[in-house]
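K.L.:
Going down the list, the sequences are from chains C and P.
The first sequence finishes on residue 208 if you use this note's numbering, and the numbering steps up by one all the way, no holes.
The second sequence finishes on residue 1163 if you use this note's numbering, and the numbering steps up by one all the way, no holes.
Keep in mind the hints are simulated off the structure, nothing from the lab.
Any given hint could be a false lead.
Per the computed footprint, the stretches of chain C lying under chain P, defined by three or more beta-carbons under 8 Å from a beta-carbon of chain P, are [stated by the list, open to error]:
hint, segment
1, 36–48
2, 178–187
Between beta-carbon pairs, the in silico distance windows are [said to hold, decoys possible]:
hint, chain 1, residue 1, chain 2, residue 2, range
3, P, 1151, C, 176, 27 to 33 Å
4, P, 1135, C, 162, 47 to 53 Å
5, C, 168, P, 1021, 27 to 33 Å
None of these values were measured; they are calculated from a predicted model.
Beta carbons: idealized from backbone N, C-alpha and C, even for Gly.
Residues per chain are reported as follows:
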Amino acid sequence: MPPASQRPIDAHEFTTFMRAYRDMVYTTAARLTANAAQAEDIAQEVFLKAYESSAELRASPTARGWLKTVATHLALNHLTRYRRRWRLFTELITRDADDEGPSADALENTLDSRLDCAEAAVDELFARTDAEQRYALVERALERLPSHQRVPLVLFHFEEMSYQEIAARLDVPLGKVKTDILRGRLVMAAWLARSGLDAPAAPSGARS
Amino acid sequence: MTAREDRRQRLEGLMQRAFDEVPPRRAPATLERRVLWEIEQRTLRPWRRGFAHWPRTARAVLIVSCCASLALVLLGSREIMTRLAALLAGSGIAGHWESLRRTGAAAASLGAVALEVLRAIPTEWLLGGLLATALLYAAPFALAALGYSTLYATPERPGARPT
Chain C
1 MPPASQRPID AHEFTTFMRA YRDMVYTTAA RLTANAAQAE DIAQEVFLKA
51 YESSAELRAS PTARGWLKTV ATHLALNHLT RYRRRWRLFT ELITRDADDE
101 GPSADALENT LDSRLDCAEA AVDELFARTD AEQRYALVER ALERLPSHQR
151 VPLVLFHFEE MSYQEIAARL DVPLGKVKTD ILRGRLVMAA WLARSGLDAP
201 AAPSGARS
Chain P
1001 MTAREDRRQR LEGLMQRAFD EVPPRRAPAT LERRVLWEIE QRTLRPWRRG
1051 FAHWPRTARA VLIVSCCASL ALVLLGSREI MTRLAALLAG SGIAGHWESL
1101 RRTGAAAASL GAVALEVLRA IPTEWLLGGL LATALLYAAP FALAALGYST
1151 LYATPERPGA RPT
């Protein structure tokens, strides 16, 4: 009888494996694509690849990392293909956000005036809202970012990649990665700060 | 550390704090079913799955045998037609065969006239017509793509439908 690690995985065992990681895989894809349907397609593809390698993965301590890497890789490939496919049409009617955003220097100047205010407003938002509301606000703010800001921001903060790794993975200059992440953070902070003013106060003691 | 770097670090810390506490999203319930269905499809015998899932050799064999069958049918048809024509020439229905032949010749003449008419049309008109047809054909695709990317699938722009 072959050892357990070489025996083909059965459906029940694979379902258990999938349940342990499905939220993580789906979240990785959803944050990068900002599209639930595309994220589900990508998560499906990740688990099908995992099934093909299940003999090695099921007992591996690196299964989580493997799944996260594959999900990131597939989501980024998907975004590249998607952007290429729609570029012709979308760029007919919208200018690239690079052209309309403020320069990094201009941003630096606005940071001074905005950061204290944004920090206080975000603090207030976090104090006033309960956990569910905060999660929803942060996720929504992330979804609202254009992909050239959202993707490096997600890779930096959620996937813990360095600026250099992100630049290499996305095949863009290091300076652009830094600027896009900076812009993304600023836009998110501003949006969260604005949301803080509109958000209804949670009952006292709701902060968790 | 310069003031600029300090500001950047504060902003980074602010965002990291916001992201750190956000839990993973819940995967849709359909995901598990979709994956298991797809795995089940893969374990089916090859001929019960779609052509794209067949082994490469099986696909190649099928394509080659289809081409061979096609060639066989064409050659066989030609052989049958030749023998049939010889058979008809010597039989009592030769008169009917002759009228059929004349009908065929008339159809061929009509085709030649249509070809002449086509040749008489200026090339610019023909090219213009082809271009117009191509544009009309492409327009619905372009409009659908534009509509889809504008109203549904582009989270890039503020105000796009959230997903």
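K.L.:
The structure should be examined with respect to each hint, and the outcome stated for every one.
P.N.:
Hints, verified against the model:
1. 36–48: n = 7 at 8 Å, threshold three: holds.
2. 178–187: holds (count 3)
3. P:1151 <-> C:176: 27 to 33 Å: Because 29 Å falls inside the window, the suggested range holds.
4. P:1135 <-> C:162: 47 to 53 Å: 49 Å, holds
5. C:168 <-> P:1021: 27 to 33 Å: Given about 29 Å between the Cβ atoms, the range holds.
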